[in-house]
Amino acid sequence: MTTRLLMYLAIIILGGLIGANIKLKENFIKRLGSLQTACLLFLLFVMGIKIGMDDKVINSFLSIGLNATVISIFTIGFSIIFTFIVNKLFFGGKQ
Amino acid sequence: MTFRIIIAVILGIISGYFVLPKDILNYADYIIDLGLILLLFFVGIDIGLNKSVFSRIKAKGIKILLVPIAIIAGSILGSAIAGVILKLPFNEAGAIGAGLGWYSLSSILIASYSSELSALAFISNVIRELIAIMIIPIIANKIGFIEAIAPAGATAMDTSLPIISKSTDSEITLIAFITGAICTFAVPILVPFILNL
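Residue numbers (my numbering), protein chains in the order written: chain A, 1 to 95; chain B, 96 to 292.
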C-alpha cells in the first residue's frame with residue numbers, strides 16, 4: 001500500500017518536474033487534454049472488462065445489488081454534504 | 096464527459112461478460128496499472144504547468160485536512176443511516192462506509208467477520224467507485240470543485256484522480272491526491288475499528 005502510494009507520488013512528481021522545467025511544445029500541451037481523455041476512457045473500459053468477467057461480482061450484483069446501491073448512495077451523499085459544509089465554512093464556498 | 100465515461104464502463108462490462116476470453120483477465124491488471132501510471136504522469140505535467148498551485152495550497156494550509164475528515168465522517172454516517180433503512184446493525188453498516196470505495200481491501204478486512212457482509216462491502220464499494228466515476232464531472236460543474244473529491248474517497252489518489260483532474264483544476268487535483276492518500280491509510284484502521292464497536 002505504502003509502495004503504491006510512493007510510486008504514484010513519484011510519477012506525479014516526475015510529471016510535475018517535466019511540466020514545470022522543460023519547455024514543452026505548444027502542440028503537445030494542446031494535445032495533452034485529448035490524450036488524457038483517450039487514456040482515461042480506455043482505462044475505464046478495461047476496468048469494466050474486469051468487473052464483467054468476475055462471475056462472483058456479477059452474480060452477487062444481482063442478489064445484493066439493491067442494498068449495496070442504497071448504501072453507496074447514502075455514503076456518497078453524506079460525504080458530499082459534509083465536504084460542502086467544510087467548503088462553506090473554511091474555504092469560502094464554491095470554487 | 097459523464098456520458099462517455101458511462102459508455103466506456105458499460106461497454107467494458109458487457110464485453111467482459113459476453114465477448115472476451117477469460118485469459119485476458121491475466122493482462123487486465125497490468126493494463127490498468129500501465130494506464131494509471133500514464134494518466135498520473137499527465138496529471139503531474141498539468142500540475143507542473145501551473146506553478147502557482149503550490150503557493151495557493153500553502154495558503155490553505157492545514158485546513159486541507161478537513162476535506163478527508165469530512166469525507167470519512169460523511170461516509171460512515173451515510174452508511175450507518177442506510178443501515179437503519181436496511182436493518183443492518185450500526186457496526187456492520189458503518190464498516191462498509193469506512194471502506195471509502197476501496198473495495199478489495201474493505202471486503203478482505205470484513206471477510207473473517209462474515210462472508211455475507213464482506214460481499215456486501217465489496218459490491219457496495221464497487222458501486223461507490225462506479226457512481227463516483229460518473230458523477231464527479233457533474234458535482235464539479237453543479238456544486239463545487241472541493242465537493243467533487245467526496246464521491247471518490249480513497250480512490251481520489253488513483254483511479255478517480257484523472258477524472259477529478261479533468262473536471263476541476265490543478266489545485267483541487269493536488270488536494271484530491273492528498274485526500275485520497277489519507278483515506279487510503281484510514282481504511283485499514285477504520286474498518287476493523289468500526290466493525291468491533
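Worth flagging that the hints you see were computed from the coordinates, not collected in a lab. Please note that a few of the clues may not be correct.
To be verified - Quick list of in silico lysine-lysine cross-link-like pairs, PhoX-like style, CA-CA up to 25 Å:
#1 B:Lys117 - A:Lys56
#2 A:Lys30 - B:Lys155
#3 B:Lys117 - A:Lys88
#4 B:Lys155 - A:Lys88
#5 A:Lys25 - B:Lys146
#6 B:Lys146 - A:Lys23
#7 A:Lys88 - B:Lys237
#8 B:Lys117 - A:Lys50
#9 B:Lys155 - B:Lys237
Here's how the hints hold up against the structure:
1. Proposed proximity of Lys117 (chain B) and Lys56 (chain A) is supported: the alpha carbons are some 14 Å apart, at most 25 Å.
2. Of the pairs offered as hints, the one joining Lys30 (chain A) and Lys155 (chain B) is violated, with about 30 Å between alpha carbons and a cut-off of 25 Å exceeded.
3. As the CA atoms of Lys117 (chain B) and Lys88 (chain A) are separated by approximately 48 Å, the hinted pair breaks the 25 Å bound.
4. Distance restraint check for Lys155 (chain B) and Lys88 (chain A): the Cα-Cα separation of roughly 14 Å lies within the 25 Å cut-off, and the hinted pair is therefore satisfied.
5. For the given pair, Lys25 (chain A) sits about 17 Å from Lys146 (chain B) by alpha-carbon distance, which is consistent with the 25 Å threshold.
6. Between the alpha carbons of Lys146 (chain B) and Lys23 (chain A) the distance comes to roughly 13 Å, so the proposed pair stays at or under 25 Å and holds.
7. Between Lys88 (chain A) and Lys237 (chain B) the alpha-carbon distance is near 15 Å, which keeps this suggested pair within the 25 Å criterion.
8. Restraint check: the Cα-Cα separation between Lys117 (chain B) and Lys50 (chain A) comes to about 10 Å, which is no more than 25 Å; the hinted pair holds.
9. Under the criterion of a C-alpha separation no larger than 25 Å, the hint pairing Lys155 (chain B) with Lys237 (chain B) is consistent with the structure, at around 23 Å.
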